[in-house]
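With these hints in hand, go ahead and build the complete structure from the sequences.
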Amino acid sequence: MCVEIRVGGTSGSSDSSVYLTFPRHQLQRRGASKPSDPPGDQCFPGLLRPGTFSREELVDVLRAAVVDRKGPLVTLNKPQGLPVTGKPGELTLLSVLPELSQSLGLGEQELQVVRASGKEASGLVLLSSCPQTASRLQKFFAHSQRARRPTATYCAVTDGIPVTSEGKIQAALKLEHIDGVNLVVPVQSPSRKDIMEGVKRTLSHFRVVATGSGCALVQLQPLTVFPNQLQAHMALQLCPVLGDHTYSARVGTVLGQRFLLPVESTKPQRQVLDEALLGRLCLTASQAARLPLHLHLHCLRLPGTRPRDPPTELLAPLPSYFSRTLQCLGLHYQ
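Mapping of the sequence shown onto full-length UniProt numbering: position 205 corresponds to residue 205, and the numbering continues sequentially without gaps.
It cannot be assumed that every hint is accurate.
Claimed, not checked - The calculated label-pair distances, taken between Cβ atoms and stated as ranges, are:
no., residue 1, residue 2, range
1, D309, G81, 29 to 37 Å
2, R192, R306, 27 to 35 Å
3, A142, R306, 18 to 26 Å
4, I195, R149, 21 to 29 Å
5, P98, G252, 44 to 52 Å
Claimed, not checked - Straight-line Cα separation of at most 25 Å, BS3-like style, residue types lysine-lysine; simulated pairs:
no., residue 1, residue 2
6, K174, K267
7, K200, K139
8, K119, K139
9, K174, K119
10, K119, K200
11, K174, K193
12, K200, K267
13, K119, K267
14, K168, K200
15, K174, K200
16, K87, K174
17, K87, K119
18, K70, K139
The set of hints was computed from the structure by calculation and includes no laboratory data.
Note that beta-carbon positions come from the ideal geometry of N, C-alpha and C, so glycine has one too.
Rendered as structure tokens:
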């Protein structure tokens, strides 16, 4: 069962409110209120720490995170911080799919990942126990990407408000290994050689849903696929995603005016929030250093079962800490 939530509209918009639809099911870790949970996490309700789980605990969490099952498709609401893939021996979503398939009663029909949010993002993961169905959906996503038709909608809270209420963000990006970390770096006026060497022209659509306390609730639709594309794009807009402890360091402020710092002179660091925003969020600076990334894959658009069937949508509810942030910032549910 789903509920509709009305969020106050943006200033200057002809619409006074926007409706977001969320299933009632909320992912909760069993025993999350026990003293064994990391101290200080009470300020982030519902936040899971996948790195502290055993394999059995992670399977239990993922089984409880199922929001939809239709035929061979299984849809999860992935917790923030859980990587989909990783190095051999690391605990990831992919590494526990055999146990999850057994836990869901699929027997020998092992699940495979069709689409998923990144490690630091929360939200939808689409799995399939049928290779043919997985292949059909992957072709649909690839075709939609080539046609510039969005299939994924993310919700994000940004530190700062975009200048326009809606628009597109275009940037050439590349992955660069800096100080032992792979980081996304913008490239100005890329040459053909740059494109040949891994630079990609990226594109995202954004729409500001609501604003409050110098922050914004934004819907983001990536029209290309690149690691950390949305975080990098919002940093280029001078509105980094709340809880982005990697790319927010590229945004500087002087006398209240924001500007981009040179990539070569900035290293990833904990996001620094001003005192007024910390007060609205009821956080200390040390607590804000553990603020999770407020980027959530809320909706996936899938093709109908038959060619003439209308598209369907899969939905995942916001994490509780995300909802708390919206309330603290005055983006009230009505």
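Original post:
Of the numbered hints stated previously, which ones are contradicted by the structure, given in increasing order?
Top reply: Checked against the structure, the only hint that fails is number 2, while the rest are satisfied.
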